[in-house]
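Start from the sequences and build out the full structure, keeping to the hints where you can.
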Amino acid sequence: MDYCERQGGIVRIFLRSIWLGFIAALTFSMPVFAGEPPTEPMLRFDLGEHTGVIRRVAVDDEGRFVVTSSDDKTARVWSLPDGRLLSTLRIPISSGNEGKLFSVAMSPDGNTVATGGWTGYDYEEVNSIFLFDRASGRLLRRLTGLPQVINHLAFSADGRTLAAGMGSKSGIRLFSVSTGRLLAQDGDYGGDSYSVQFSRDGHLLASSYDGYLR
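My numbering puts the sequence shown at residues 759 to 972.
Since the hints were made in silico from the structure, they are not lab data. Since we're looking at a predicted model, the values are computed, not measured. By construction, the Cβ of each residue, glycine as well, lies at the ideal position given by its N, Cα and C atoms. Do not rely on the hints blindly, as some may be mistaken.
Have a look at the derived ranges for each label pair, beta carbon to beta carbon [said to hold, decoys possible]:
(1) A915 to L805: 34 to 42 Å
(2) G938 to D867: 35 to 43 Å
(3) A893 to L940: 23 to 31 Å
(4) E798 to L897: 12 to 20 Å
(5) L805 to R896: 17 to 25 Å
(6) L940 to G854: 24 to 32 Å
(7) T846 to S934: 23 to 31 Å
(8) A942 to T846: 31 to 39 Å
(9) T809 to R958: 32 to 40 Å
(10) Y967 to R842: 32 to 40 Å
(11) R939 to H961: 17 to 25 Å
(12) D959 to V815: 20 to 28 Å
(13) D968 to L941: 19 to 27 Å
(14) D819 to E882: 17 to 25 Å
Listed next, the in silico SDA-like pairs over lysine to any residue satisfying Cα-Cα at most 25 Å (straight line) [stated by the list, open to error]:
(15) K927 to G949
(16) K858 to R813
(17) K927 to G903
Shown next, in the form of structure tokens:
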């Protein structure tokens with residue numbers, strides 16, 4: 759590589775840094791008002807892959823699809839075994855932590871994706887779980903009213919129930935997938951819950967930083 763090529767490369771990197779800084783400035787200048795989900799478009803790069811830490815991974819029972827959730831505020835659906843990106847699932851986001859997806863789950867039949875994290879607290883003071891149709895990427899339902907960030911999600915073996923483990927000693931919640939109705943809850947936790955899992959026969963196991971399995 760000669761001198762001119764090296765200098766040209768440096769200039770391109772410099773200009774790209776300026777452009778990225780401009781995008782960041784746009785992103786962090788969007789106002790958010792309590793009780794109102796962000797509606798203003800936010801200009802962001804989509805490189806066809808995650809640009810932040812991937813927090814959770816889930817697959818369907820037949821191993822046809824995998825879904826990932828990330829701090830970059832997207833969930834992405836991929837085909838297996840080739841790893842081809844099929845769709846990117848997006849929720850309302852804002853600056854800071856709002857919109858980071860800490861959890862994701864896929865129904866056993868692969869038709870429904872659930873994701874959540876720091877999702878809604880900045881504008882509603884409660885968090886939400888978002889249910890998507892895997893094939894079309896269409897938002898099916900939003901489950902709201904969760905008091906803390908959603909660390910983990912799991913579908914029951916029949917796909918009818920969704921369990922959520924939360925942070926800050928808030929415990930777990932169980933929802934009906936078809937109606938969104940809250941079925942049960944347990945808030946008697948002394949620490950964050952980072953894992954909820956269903957057995958094939960319908961039992962639920964939840965772990966917590968308080969040192970107990972429930």
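Consistency of the hints with the structure:
Between A915 and L805 the beta carbon distance is about 36 Å. The supplied range of 34 to 42 Å therefore holds. Between G938 and D867 the CB atoms are about 19 Å apart, so this pair departs from the stated range of 35 to 43 Å. For A893 paired with L940, a C-beta distance near 27 Å keeps the hint of 23 to 31 Å intact. Here the CB-CB span from E798 to L897 is close to 18 Å, well matched to the stated 12 to 20 Å.
Checked against the given bound of 17 to 25 Å, the beta carbons of L805 and R896, roughly 24 Å apart, stay inside it. About 28 Å separates the C-beta atoms of L940 and G854, a value consistent with the hinted range of 24 to 32 Å. A hinted range of 23 to 31 Å holds for the C-beta pair T846 and S934, which are about 27 Å apart. Between A942 and T846 the C-beta distance comes to about 32 Å, which sits within the given range of 31 to 39 Å.
Look at T809 against R958: about 37 Å separates their beta carbons, and that is inside 32 to 40 Å. Against the hinted window of 32 to 40 Å, the Cβ-Cβ separation of Y967 and R842 comes to about 37 Å, which satisfies the hint. Between R939 and H961, the C-beta spacing of about 21 Å keeps the proposed range 17 to 25 Å intact. In this structure the hint that D959 and V815 lie 20 to 28 Å apart at CB holds, the actual value being about 25 Å.
Between D968 and L941 the Cβ separation comes to about 23 Å, which falls inside the hinted range of 19 to 27 Å. At roughly 34 Å, the beta carbons of D819 and E882 sit outside the given window of 17 to 25 Å. Using a Cα cut-off of 25 Å, the hinted pair K927 and G949 holds, with the two alpha carbons roughly 4 Å apart. At roughly 10 Å between alpha-carbon atoms, K858 and R813 fall within 25 Å of each other, so this suggested pair holds.
Under the criterion of a C-alpha separation no larger than 25 Å, the hint pairing K927 with G903 is consistent with the structure, at around 15 Å.
Of the numbered hints given earlier, the model fails hints 2, 14; all others are met.
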